[in-house]
Structures are given as C-alpha cells and as structure tokens.
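The lines below spell out each chain.
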Amino acid sequence: MATDKELSDFLKSVEKRAFKRTAFAVRDDDSALDIVQDAMIRLAEKYADRPAAELPLLFQRILSNATMDWFRRQKVRNAVVHNFSDFEGADDEGDFDILEMLDGAATGLGTESASEAVSRDQILQIIEHEVSDLPARQREAFLLRYWEELDVAETASVMGCSEGSVKTHCSRAVHALAKALKAKGIAP
Amino acid sequence: MINNKQLTDPDGLEARFGVRVAALLGERARATPPDISERLRFAREQALARAKAARRQEQLATAAAPAVVARGRAAVLADRPGWWVKLASAMPLAMLVLGLVAIDRAHDRAQIAAAAEVDAALLSDDLPPAAYTDPGFAEYLKTSGQQ
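Taken in sequence, the protein lines are chains A and B. What the first sequence shows, in my numbering, is residues 1 to 188, in sequence order. What the second sequence shows, in my numbering, is residues 189 to 335, in sequence order.
One chain only, chain B, in its complex shape (with noise of 0.2 Å):
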C-alpha cells in the first residue's frame, strides 16, 4: 500500500508518480468493452460455481466419514456366526479333550496290566514276597548280581 508519508516525502516522487499513471490506467479500465466485461463475469461466475463444488465435497467428505464407519461397525456385527459354527470352531478343541481322556486311561491301564503281571509273578514263584523285605536276603542279591 503506498502510504501518504511516502507521497510527501521527497524520496517518495517516484510512488507520486506511479499512483499518477495508476490511477489514469484505472481509470481507461474501468472503461472495458462491455464484450470483454461479460467474459469477465462469466468466468466469475464459473469460479464462483467452481467454489461452490469444492466446498460442496468438502462438506460431503467429512460427513461420510463417520457413516463409513458406522456402517462398518454395522457389517461386522450383523455377521455374528450360528450355532453350526460356533460348534463346528468348538469341535477341535473337545477332540483334543476327549483324546487326552483316553490316552490317560490307556496309559492307567497299561500300568495296572504290569503291576498285575509283576505280582502274578511274585505270588507264582517258589520264593516268599516277605523275603525280599529280608535285609540279609537283599545283601546276597547285591553281592551275587557284582559277582
């Protein structure tokens, strides 16, 4: 902006000067053919409408976001799965139970099968069970089985 210390002070001539032909280039322009004036104002009026659009999507842009959201929430609850599923996900899991089950009881049976067949062995044989709890008995098993 020129200001009026600038059109008085004697440096400032130049800007005296400028504002002069300024303002008589103004004034020729305020003059325009009035074809030129309305390509003018139409163009306004396109950049007008231009704007208009921008802030138009603008707004549309920002209020989608949340819906988009919302929606999404929507789609995610609305698929909840069914029994069938929810057994079918259950199924691996009680497999690994009911397997677990069984080998435990195999295992519990294989151990009663060997304590049987280790006292059927003792009842059969000519030797008394009580004598095992001989300490003399069990020294001699000791020194027979180094030698």
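Bound conformation, chain A alone (with noise of 0.2 Å):
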C-alpha cells in the first residue's frame, strides 16, 4: 500500500508533465488543470491502497480516461472524431532521413553562445507547439512512450490500443516532428 508520502511525492513528480499533455489534447489551460486535478481525485479515492510502483501506469489511465470524459462532456464529437481518429494525412516523408537530424544535433545543443541562450526558450516554444500540432493519437503515443517513460506495452495498455499501433504511432510522430522542426531550422 503506498504511503501518504509516497503518493504525495508520485503525484508531485507527475502534476507538470500531466498538466502539459492534457493541456495539449484540450488546448486549455484551466480544463486541463480540472481534468488532471480529477484524475488526481480518482486515484486517491479508488488507487490509494495500491503500492507505489503501479501508480504511475494507474494514473496514467485515469488521466487518459479523464480526457477522453472531457471531451464526451463538451459535446464535440466530430473535433473528437477528428483529433482521436487513426486518419492522419499521407506520409509524404519521402526520403527524409532521421539520422541526419540526430547527427545535426550533435553539435546543435553542445555549446551555447549567448545568443542562443536567449533564443533557446523561443526553440523550447517551437517544439512544444509542434508537439501539440500531432494528430492526438500520435501525440499520446510519443507522450507517454518517450515523455512519460512507458514502454510499448504499458503504453499500449493506457491507450487502448494494440503495441503495434502504438509503435506505428510513434514512429509516424518522431518522423512529423523532425520533419517540422527541420523546416525551421531546429535540431533537437
């Protein structure tokens, strides 16, 4: 069973990363800090008896199924249809290579000049605005797998899906993002 401050210090270490991701799937910030604040509630009240090693995959779930909640409550189906749905446009990809963006980035973060410094917060901007431009399934499976540290089953487990998807997903996500942030000049 895991203690008051061991739930504490779970909750404590997953509240910004949670806020952030439901923040991108509802584009807002005050229902995103009532959908992470009941998922908070939910896992208090029904998972506080558990240990502490499966709160994190608990409250992921309960985080994922607060959203999708929201989103029945606010009565958008077809934005929910859109956002949720595996239709994603043409992978037009072409013979965009990963590596080459990796091997960039090798010297990209090395040493800052001041300059860089000062535009590195408008970078961080970019890139979670980009992240927030994935298609919704997309975006949960990169989230969790490469955010939140899941591994493809647990991943798959929270989203509902099979593990074959949820790599599909992140693969075609990784791929997006590269793709974008290369377009403006960024390597990660």
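Heads up, some of the hints might be wrong.
Unchecked claim - Listed next, the in silico DMTMM-like pairs over lysine to aspartate or glutamate satisfying Cα-Cα at most 20 Å (straight line): (1) LYS12(A) to GLU233(B); (2) LYS16(A) to GLU215(B); (3) LYS240(B) to ASP4(A); (4) LYS240(B) to GLU54(A); (5) LYS16(A) to GLU246(B).
It should be emphasised that the hints constitute simulated quantities derived from the structure, not laboratory data.
Reconstruct the complex from the two isolated chains, following the hints.
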C-alpha cells in the first residue's frame, strides 16, 4: 500500500507533465487543470491502497480516461473523431533521414552562445507547439512513450490499442516532428 | 522505459530523437507559471485529503463490523424472558398434559361402567355364569345362533 508520502511524492513528480500532456490534448489550461485534478482525486480515492509501483500506470490510464470524459462532456464529437481517429495525412516524408537530424543535433545543443541561450526559450516554444500540433493519437503515444517513459506494452494498455499501433503512432510522430523542426531550422 | 540498447541501436534512432524532444519538453514543463503550479499544488492536496478520508472510512468500516456483531449478541442476551413469559409459554403444554390425563380417566371410568353393567346382567340372569365355561353350552349357542 502506498503511504501518504509516497502518494504525495508521486503526484508531485507527475503533475506538471500531466498538466502539459492534457493541455496539449484539450488546448485549454483551465480545463487541463480540472482534468488533472479530477484524475488525481480518482487515483487517491480508489487506488490509494495500491502499491506505489503501480501508481504511474494507473494514473496515466485514469488521466487518459478523464481526458476522454472531458471530450464527451464537451460534446464536440466531430472534433473528437477528427483528433482521436487514426486518420492521418499521407506519409510524404519521402527520403527524409532522421539520422541526418540526429547528426546535426550533436552540434546543436553542444555549447551555447549568448544569443543561442536567449533564443533557446523560443526554440522550446516551437518544439512544444509542434508537439501540440501532432494528431492526438500520435501525440499521446509519443508523450507516453518518451516523456512518461512507459514501455510499448504499457503505452498500449493506457491507450487501449495494440503494441503495433503504438509503434506506428510513435514512428509517425517522430518523423512528423523531425520534419517540422528541420523545416524551421531546429535540431533538437 | 527507454534503455541504452535502444539508444545505441541503429534501429533506435527514433527513440533517441524522441527522448531528446521529450527532454526539451520536460525543460519547458518545469518552467510552469506560478499560478498553474499553485493550482496543481492545490489539486494534489485535495487528492491527498481524499485519500486520507477514504483510508479513514475504510478503517472505521473494518473496526465497526465486530462491534456491530457484539452489540447484536448483547441485545439478544439482554432480552431474557421473564417468569410470566416462561409460565405463559409453558401453559399450552400443561393444558395438553392435563387434557390427556382427563381423557384417560374418563376412558377408564367408561370401561369400568361397561364391565359393571355386563357383570350385573350376568349375575341377575337365570343362567348361571358357570354355564358359559361348559363346552356343550358353548356349542349349543353356536348352532342356535346359525339357525
């Protein structure tokens, strides 16, 4: 059973990422805060007796469900269908090479000049914007996999889809991000 | 979890890219505005208060269960029936026994009365009682009864 301190530490460690992830999905900070609070309370009320190790996966699942509930409540069915469907534009990455991006990145974040340091915040904003512009399922898979550091099986469990779908979503998200960032001259 | 093998494997280029982007996102997320941090803190405290309340309720529920059983047992034991109640509950049984005894007595009396009537009839008849023990007389009665 997770103690109060373990639960508190866990929520503290996850709250900002949870807020960002939800804000990406609902595109509204107040709603995102409400959803995160709702998810925290659901976790605390129903799963506080679970071991601390189970909390991350439970919380991600609850947060995803709470976000879906929010969309249902908003009755923006068309937007939900559009955002949460697997319909994505044709893959026109062509001969885009992600290795090229990574090689460029080796020097991109090495030593920063003063001007680079000043513009870093702008770069982070652009990256955040590009992530938020990803199709919902791609973004969900990408954030769960690389930000929340869930493995493929856990991500599939939270998203309610197959592991193959998770890999596909992640791959497409990475390529879309790499392409968008390259177009803006940014190498993460 | 993204492991080192994935990061060094040529097939893990996507994972490397993803981890880098996620790290930058994390950097941005850490710089959350104070008002949002405050609301998140409030949400966390609310959740912890609910967790405490839920645990307390659970503890009370588990502690209350034996007390309820004990109280129920005490309630049963406290309502011992009084003498009058016991006496009243024994009355039907006593009435039944008395009735059976009375019926037995009445039956005995009726049997005695019947026997006395037969004896009186025998004694007052012209035929002596000893005649009934004579086999010839018994045969006479049989044949005369058949005719």
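Here's how the hints hold up against the structure:
no.: 1; hint: LYS12(A) to GLU233(B); in the structure: holds, 10 Å
no.: 2; hint: LYS16(A) to GLU215(B); in the structure: holds, 11 Å
no.: 3; hint: LYS240(B) to ASP4(A); in the structure: holds, 8 Å
no.: 4; hint: LYS240(B) to GLU54(A); in the structure: holds, 19 Å
no.: 5; hint: LYS16(A) to GLU246(B); in the structure: violated, 30 Å
Checked against the numbered hints above, the structure violates only hint 5.
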